[in-house]
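*Asks:* This is what each chain is made of:
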Amino acid sequence: MPDQNISRRTLLRASGIAAMSAFASPIRAAAPEPTAVTPALIEAARKEGKVVYYTPIDLPVAELIAKAFEAKYPGVSVRVERTGAERVFQRISQEYASNIHAVDVVNSSDAAHFIIWKRDGLLAPFVPEDVARHYAAEQKDPDGMFAAFRANLSVIGYNTRLVKAEDAPKSFADLLDPKWTGKIVKGHPGYSGTIMTATYEISRDIGWDFFEKLAKQRVMQVQSAADPPKKLGLGERAVMADGNEYVLFQVKESGGPVEAVYPGEGTPLSLSPNGLFKAAPNPNAARLFQCFCFSPECQELMVNRGAMRSLHAQIKEKPGRRPLGEIKLMKEDAAAVERLSEEIKARYTKIFRV
Amino acid sequence: MASVELRNLTKRYEKTAVVDDVSLRIEHGLLVCLLGPSGCGKTTTLRLIAGFVEPTAGEIVVGDRVLSSARRTLAPEARKMSMIFQSYALWPHMTVADNVAYGLTLRKLPREEIAKRVSAILTTTKLADLAARYPGELSGGQQQRVALARALIVEPETLLLDEPLSNLDANLREEMRFEVRRLHDAYRYTTVYVTHDQSEAMTTADLIAVMNAGKIEQVGAPEDIYARPRSEFVARFIGSSNVLKGKALDAGHITVAGIAVSCTGAGLAAGRDAAISIRQHEIHIDRAEPAGDRHNVLPAVVARNVFLGHSRDYMIEIGDGAQLRVVTSPEEDIVPGSKVWLRLPAQRCRVLES
Amino acid sequence: MGAFDVSLPILLGFSAALCLLILLPLSWLVYYSVHDRTGGLTVANFVALATDPTFLDPLVTTVILALSSAVICCAVAAPMGWLVARTDMPLRRTVRALVTASFVTPPFLGAVAWELLAAPNSGLLNKLFRAVTGAEPDEHLFDIYTLPGLIFVISCYTFPYVFVLVANALDRMPGDLEDASSILGASAWTTARRVTVPLAMPALLAGALVAFLQAMTLFGSPAILALPAGFHTMTTKIWSLFQYPPKLELAAAASLPLLLLTVALLRAQAVILGRRGYSIVGGRQGDPRRVALGKWKWVALAATFLVLLNPVFLPYGALLNAAFSRVPSEFVSFENLTLHNIAFVFFELSSTGVAFRNTLILCTGAATIGTVTAVVIAYITSRKVIAWHQALGFLATAPVAVPGIVLGVGLFLTYTRPPFVLYGTLWILLIAFVTIALPAAYQQLQSAFRVVNPDLEEASRILGATRLGTLGRITAPLLRTSVIATWCFIFIGVIRELSAAIMLFTSDTKVISVLIFDLNESGDLGAIAVLGIIMLVFTFAVVVLINRIPGFGAMRLRNN
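Residue numbers (our numbering), protein chains in the order written: chain R, 1 to 354; chain E, 1001 to 1354; chain X, 2001 to 2560.
No lab work stands behind these hints, which were simulated from the structure alone. Since the model is a prediction, treat every value here as computed from it, not as a measurement. Where a beta carbon is used, it is the ideal one built from N, C-alpha and C, also for glycine. Fair warning: there could be bad hints in the mix.
Claimed, not checked - Keeping only pairs whose Cα atoms sit at most 27 Å apart, straight-line, the calculated DSSO-like set for lysine-lysine is:
id : chain 1 : residue 1 : chain 2 : residue 2
1  : R       : Lys164    : R       : Lys213
2  : X       : Lys2384   : E       : Lys1015
3  : X       : Lys2384   : E       : Lys1080
4  : R       : Lys350    : X       : Lys2384
As the list claims (entries may be wrong) - Here chain X is said to cover these stretches of chain R; the calculated rule only asks that three of the stretch's residues, wherever they fall, bring their Cβ under 8 Å from a Cβ of chain X:
id : segment
5  : 79 to 91
6  : 121 to 132
7  : 188 to 195
8  : 227 to 233
9  : 326 to 337
To be verified - Taking CB as the label site, the calculated pair distances span:
id : chain 1 : residue 1 : chain 2 : residue 2 : range
10 : R       : Ala136    : X       : Phe2420   : 28 to 36 Å
11 : X       : Val2071   : R       : Ala97     : 41 to 49 Å
12 : X       : Arg2093   : E       : Ser1166   : 39 to 47 Å
13 : X       : Asp2052   : R       : Glu212    : 13 to 21 Å
14 : X       : Leu2306   : R       : Ala346    : 54 to 62 Å
15 : R       : Ala173    : X       : Thr2425   : 47 to 55 Å
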């Protein structure tokens, strides 16, 4: 839907439409009470001394958040463990299977993971005050186990030095043009949650034969959704078929010759939640960190310096970027991703041979 | 005061018996030589006594303790023995003093005591000036004395020597022979000395055990072995002997090359094959045919004549084709090809038992 | 004296530990491969592998990869070995040092460096090519994201194995043999062809086999280059089986062909080398005589340096460039010179400290435990202390037949279940690294033991020292040079180990090699360059230390 009134309600609705099944099913009568940051919590966190954050967020941005937290709460250090969301999930599974509880707070760009974790009883119910006040019901778990940390878009992109704006692809269908053979880079759903979600959404809205045809374009396959924008920035490929919008913006805003394209068929979206684990080794530090993550301070940092999209009601979009409400988005369906993820990976592997 | 006794000692490797049913009793305080050619089993016997090798059968008893048997073997470090190796085995990373003191430091004696004893024995062995040197800086003779000092300082009950003089030059060897005997007499331990050199054995030993192919051929005092060799092997090995083979006529006579020869020693069984030995310098050469009694006179032809300065060494062939070596004073010079008569004094013709 | 002698029990204890170390993971591997999820016995895993093209393709690719790599390595390393060992080419010692540099460079780091150099569009070499020839932006000279590209990178870091074997064999060949040929009238070329080459053949064949095995079992380089190129190798395929939900039985089943192939090739190598009498027979021998190359020596030197550009000069240059450049694919200039990457690695990247600490602990621990174990086992086998010492010697060299990633899988299966749940601790990584390092360490020390006269130990024992006491007072000090060298050798090997580590690490037990690998996933090439350079500096410091030890000439190179 191209032309929309840019009203806050529309914004909410657009993102709300996008935020569906992950946040749909309550298992208790009411969410836990919201928690504000208190000196007692800070003190308890300081005693623990550290918090471990597993996240697929691109490392410089993740470390940015970590350093901001450490600056605000000296005495609590953050260790960021960054890999693609699918690999984060695999690692946590492996660790929990051997009774190793190393992770405190987790972020995933594949919301299906949270469905699984919640179902397995691994998450701790905890609602930061900001989440209670400034996040719509569709953006958080009714039982308070997790909330949408950011809106994550997977966009098409191109290198402006290698491609003229008028020649650039405007849709997924454009990518199948023979002139792009050997010039495309894309991520892999086996490693990246963003790409897993995008692959599901594209296969649902456009169909699997899009991928079959795309495979014939001899795409350069990378792992993380944070990599294609960087490969564009290097000039290694001319076009990216998918990849993190915020990383692309970061490359552009630091002078890289790149530009984003929002595909005509719709831009794949994932609402990337943050949650705490029940068996977290540093529970208080985890809570403090989670509160920080949803605070305006952190969200603003993410928007201004991380080029991300926040769902915090008080945070404005950065000027110069197309507002979320104006973008045609593909609907997210985490429950379906959870159901189909193995099949998606297998089919993708078969088509792209890796 | 303990004797060393080998009882039916046997060591087999695969099917070969390297030491074959050896029995020997060595009273305490004696110096016994195991004498024989290489491969006769003397070194293996020594190593069996030391405990480096375990017997396949038989026992080694020291005093009334069974040190080695087919079932159990006491470790070398517990046997209260000392050994001097053919290679001396001086530890190159330790000084002379440290090498010598090693045994005492193992016994955890106080440092002053060790220093005193080391100093004493270095003086005895004339090594006092070399205490701070390393083995690599010493001559062969000096190294040998260090090995001696190291072995003697621990006052062993039994001293084992494995061809200790074979790496020295001839003069030094002679000097060291007497030194070994002198020290033995001074300290009065039991010594087992392995060598292939009969003059060494003759000079130093109280008792000689001649070994061949894993067995002891004859045990006795040096004069005994020399004067009354009981087998062909011993006869050949000790003192330069000729062995003549023939058939026994009666208890005291043997036919050699058709001539009757009367001999001394053990009785012969008439009609059987027999052998006698006679030293090379005990045979007389007559140029002219002797008149009268033809007993013990063999016609022969000179094959070779070598002038050695203090003697002449003849190779002479007798009637049955056997060749005898005869040593005479240098004056008589009989050219090869001459016909001569060999006179064999009856009391010098010793019957060989094997 | 007279206290209970603990020597024998301790030695037996070491032997038992060795058995557990080697046999446990392999047993679990076999167990998993023939069982299904419900625990029933089955061959379904093997059937699945044999019939699924997504498994067969990687197998074929791996074989092609290994064969090509082995051929290239021989073609390059053999002439170089001859030039260094047998001719008067100048700068021979420098060449040897540079080959050592190639050997200690981790292959996965080389792969990243070659991405920087030869990515078809952004690679530095391709940019140079276009600048110089004025070619179209689409054209490129090299494309590293291809099977030939991967073969090239693997060969760069595998050829040192062949080089060392050939050069050492030629070093040891006495000049008398070639003199005998020339006296009879043969020209230098004929002598080389009919005497030198055949005598060096066993070393060449051994080298070719080692190169084949190395190329077949590498994980890091294929993981970095094959995915963008669009194919899997056996090692990356096995790794991908651990993606959620993990298919452990298939991973185990897929590991077995690699294992069996390795064992078969090692047997073949032993047979080839064993049968013929290639040892030098005869009396006293003369020094090797050097072939005078005349004016060809400069050509030879140039060619050698041209070859050494590939594993050493170009990649190291690319890494240095990327470390200081704002954009890794651009040449450093005053405009884009930056220390941001260094600042990022040291001050922002929160895993750096953990990774360095873990690496240091594991390197030191593995080197120490590995050396001690190797000394004890080598002592047992060379002095024949225990009745079954031959089996022990075999076990100590057995891990060489287990590819790193296969060992990783085996260890994962063994230590993620009771009674020993070591997964998540540094212990499991320590076990992996010691197991991998043991064969080379054992062989080095065994050779060293042969040089020590057993009389020296017996002299100590007869004076009253126990076996272990003798080992400590007499043997170990005499072996000091070899012991230190072995320690350093293991240290270097562990720094760059990736294929087992990638299976066994958790966030707390991450090491530098895994950190670099993770950074590559998200394309953080600048940070990789900084970490890689630090790794190399560390490694070279240790190598220089080894070479400072008197009497230790050309390193004996084996195992990854």
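*Asks:* Checking against the hints above, which ones are violated?
*Replies:* 4, 6, 9, 10, 14
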